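Asker: Chains as they are written, first to last, in our numbering: chain P, 11 to 281; chain X, 1197 to 1833.
Since the hints were made in silico from the structure, they are not lab data.
Values in this document were obtained by computation on a predicted structure and should not be read as measured data.
Some hints here could point you the wrong way.
Listed below are the simulated SDA-like cross-link pairs for lysine to any residue, each with C-alpha atoms no more than 20 Å apart in a straight line [stated by the list, open to error]:
{"no.": "1", "chain 1": "X", "residue 1": "K1292", "chain 2": "P", "residue 2": "S252"}
{"no.": "2", "chain 1": "X", "residue 1": "K1292", "chain 2": "X", "residue 2": "G1384"}
{"no.": "3", "chain 1": "X", "residue 1": "K1292", "chain 2": "P", "residue 2": "H149"}
What follows is a list of derived Cβ distance ranges for each label pair [said to hold, decoys possible]:
{"no.": "4", "chain 1": "P", "residue 1": "L194", "chain 2": "X", "residue 2": "L1212", "range": "26 to 34 Å"}
{"no.": "5", "chain 1": "X", "residue 1": "Q1293", "chain 2": "P", "residue 2": "L194", "range": "38 to 46 Å"}
{"no.": "6", "chain 1": "X", "residue 1": "N1377", "chain 2": "P", "residue 2": "G42", "range": "46 to 54 Å"}
{"no.": "7", "chain 1": "X", "residue 1": "S1786", "chain 2": "P", "residue 2": "L35", "range": "21 to 29 Å"}
{"no.": "8", "chain 1": "P", "residue 1": "F46", "chain 2": "X", "residue 2": "G1211", "range": "22 to 30 Å"}
{"no.": "9", "chain 1": "P", "residue 1": "T143", "chain 2": "X", "residue 2": "Q1376", "range": "28 to 36 Å"}
{"no.": "10", "chain 1": "P", "residue 1": "S252", "chain 2": "X", "residue 2": "S1340", "range": "45 to 53 Å"}
We put the beta carbon where it would ideally sit given N, CA and C, even for glycine.
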Amino acid sequence: MTTVDRFWRVFAREVQAAVRTRSFLALTLVTGVAIFGVATAGGGPAGGYVPTVVDVLVVVEILVPTLAFAVGYRAMADPIARGELDVMETYPLPTWGYVGGTYAGRAVVLMAVVGVPLAALGVHVAMTAGPETSVFASHRGVDSPLLYLRFLALTLLYGLVSLSLVVLLSVIAGSRSRALVLALAGGLVLTVGGDVAVFAALDGGLLTSDSLGGALAVTPAGAYRGLVFDQVLYVAVPTRSSFVSGWLATTALVGWWVATLAGAAAVAHLR
Amino acid sequence: MRLTLSLWQMVAVFGLVVSIVVFGAAFVADLSSERPDPVSFDRTVQRGITMADEQRALGRDVSIPRAEVFYSQYRYVVGYVGLDRTVAALTEPGHKQQFGYPLAVYVSDYSGAGATCGENGTLRASGTTGWTAASEAHYVVNGSARAPSGPVVVPFGTPDDAATFADRCGGRVVDWSTIQNLSFAEEGAVAVREQVPDRRATANETVQTARRLDTRPVSVVVGEDAPTVEAAIEAAPPNTTVVVPNGTYREQVTIDEPITLRGRNATLNGGGNGTVVTVTADRVGITDLSVTGVGNQTVGNTSTASDSAWDATVTAAYGNSDAAVTARNASRLYISNITVETPSSGFVLRQTPDAVVENVIVNGTAAWEDGFMGVVGMHAGIVVQHSTFRGGRDGIYLHRADGTVVRDNTLRDDRFGVHLMYTSSALVADNTARDQEYAGVVVMTNPDGNAIVGNDVRDAGSGIMMAGSRSYVGHNVVANTTRGLSANAGRSLYEHNVVYGSDIGITAATVLPSNTVTENDFVANDQHAVSGPGPLRWYTEDGRGNYWSGAYDLSADDGATVAQPYSPTDTVDEQLHHSDAAVVLREAPSIRALRALRGTTPGFRRGSIVDTHPLAAPANPETVAMLRNETTTEASP
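Using the sequences provided together with the hints, build the complete structure.
Answerer: And the structure:
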């Protein structure tokens, strides 16, 4: 058996377990209801893709880390508590492979929970958005399904980063009860902490208008929001264009992703 | 086992690759390269010309250059008549925030259209004009080419055609960026507001001049110097007064000399067939009479329309009803203190510049369908003031009566109180309208520069229904109507109005939002506002919006404006003045999250209205207090 096969087994086990777990299906449905509800209440889908993103952005930014924590907080804590990692020592599968496989399996679940409702919303927009009257000639303006696709891609990337952070915390926790507490703390840091820190730094004079964009781009939530503004909502605000540095924000998101995953593997290895 | 596993592995790798490619492509694609094709001008949302000007242009075969603009954030294609209007609109403050930037601009292409500047420079095209991209067109400016509204900028697809036209009609050839830097600033509705005192003063002068007709020396007294009124009129020398003493006179008379006919408790009875008094001379005065026995013909026979004017059928239909007094082609007519009982019209005034009608009472039919107009004013500006109109179809009906002043009248129990058709630059002020079947004041057919000021409309179908452009609607009171204000006039200013106790406060009906709505009070309406098709409208100007009863502030401080934006078309906000529970819902995190970024896409939003700085207290507190007081008094026995 190659390393890839063993990685695949861990991954497949996670996915199969999730498919058997009805609660993930329920979670997907509830997420769908929440996202559709917010979008419908805002009226965005009748207007187009960009107004829809505007309507759901704030809710999605909170929802994605929350769902990531729901999907992943026990991902490593349970196996560690059951002693599976110790058993691993005797197998020719490196710890990083085990952590990676578990992460990849949970990531597929999270992608489904977040991605399916958002994709469905995109299809809904495609079917409902249009002019209110056909008396006048109409056109699409700058609105485009590609913009929505960008939003979907950025949201999924944000989900992957959130999940890697929670897997790291799950490894650190090592038990189910501690995993819950750590996951909640991590969720708060992710959704509120980064922005509050940037705000405090701005308030305290540590940041200037020149460094603000850079500091925001370094936090996961700030990078995600900045990229959505930069790549999707910029068409709606023609007078502004440089919200955050696109490269810095992308690098930061990928950096957080890789670093937290590597951290999770390292901590698991040390256990 | 190994095989199926490999299959799933292949599926996984395939899915991963497809996702990366699709998502990657979404970021790589250049979204700004698309440029929509021009559409038929009829299908654009249009702005820039009055219907009367358009009809005149059609009649005289004038060609007016047009433009089509596709905005990044506005779903409909906007059509402009006149390039000056186009540039003025594109450079308007706040235009970009509302519509986004122009994705594409097309202008009429006069290349190959046989453009000429005819008599007086009138721009004509023998062929049809196509479309050309504005950025690539060549423009002839400052030449002699003209449209009814003034000089025109003429665009050509090729530089040679532009140069040839400039040689023939004068002017120089410039490009699009130069055009955009020329100043075409239009006078806005604020200018109309500033004109209100002047319009009042001009009307005062007209009235003063007309009243002098009432001081002419008496030359003939009916019954003493002449047997009949008609005979007295014939006997009277010009610029004198014919007196009609107490009594009823069964006569129809024609006044074809500049004299004044004055009654002393006299009644003229026309016998119930046709018009009672017909005026064909300038400077005629008719005062202090009762008129009865008016014929019952209302709508004229349109097949008798004789002249070739574009509005000949309208003139025939609306200008031929039986009336107490009909005047044609007579200037400076003065009508005062006349009481009329009529099954048709009171006064039909066609082409009577500076006619004054004051202190008259017209009692029309009980059912509006049976009667006609209190006053018909056609083809010239007139003054109607201090009069009472009851019943009949419309109290005052104006057709192409630019510059008319209608003020201090009482209008009751009819279809429309004051009805403007193709009438620009009018002033409708301080009238009281009650119990109109359809509307207190109605403006139709896209006129320009009207001022509707200080009117009080109650218990009517609609309060004030606007149309046209660049109009001023200020200081009016509208209460207990089905629809209070219909803001269907564009580029107009609606301020200091109070709309109270109506089913719908204000209806935003223009597809193209361009109005300023500020310092109005919307109180105790079922729904403060509804919005027609088109994008989000901002009802705030210079940091001040309107007072909407129910709009609230958690901080509850004594600021002039409420900290939270208010959207009268929002599902939650529109409940705020009906239920305090709406306050709780409004503060829900999800609702707040929903609203957080909403303002960023106004152009894409369907029919909604937002006031970013709602007023904390009424802008017109005395009027609101008076209306509240009246309502409570009525409610309690």
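Asker: Now tell me if each hint is right for this structure.
Answerer: Each hint, compared with the structure:
A C-alpha spacing of about 18 Å is found between K1292(X) and S252(P), which places the hinted pair at or below 20 Å, so the restraint holds. Note on K1292(X) and G1384(X): the hinted pairing holds, with a Cα-Cα distance of about 18 Å set against a maximum of 20 Å. At most 20 Å may separate the alpha-carbon atoms for a hinted pair to count; K1292(X) and H149(P) meet this at roughly 17 Å. At roughly 31 Å, the beta-carbon separation of L194(P) and L1212(X) lies within the given 26 to 34 Å, and the hint holds.
At roughly 41 Å, the beta carbons of Q1293(X) and L194(P) sit within the given window of 38 to 46 Å. Hint check: N1377(X) to G42(P), Cβ distance near 52 Å, so the stated range 46 to 54 Å holds. Checked against the hint of 21 to 29 Å, the pair S1786(X) and L35(P) passes, with Cβ atoms roughly 23 Å apart. Roughly 25 Å separates the CB atoms of F46(P) and G1211(X), a value that falls within the hinted 22 to 30 Å.
Between T143(P) and Q1376(X) the beta carbon distance is about 30 Å. The supplied range of 28 to 36 Å therefore holds. Roughly 48 Å separates the CB atoms of S252(P) and S1340(X), a value that falls within the hinted 45 to 53 Å.
Going down the numbered hints, you'll see the structure goes against none, and every one checks out.
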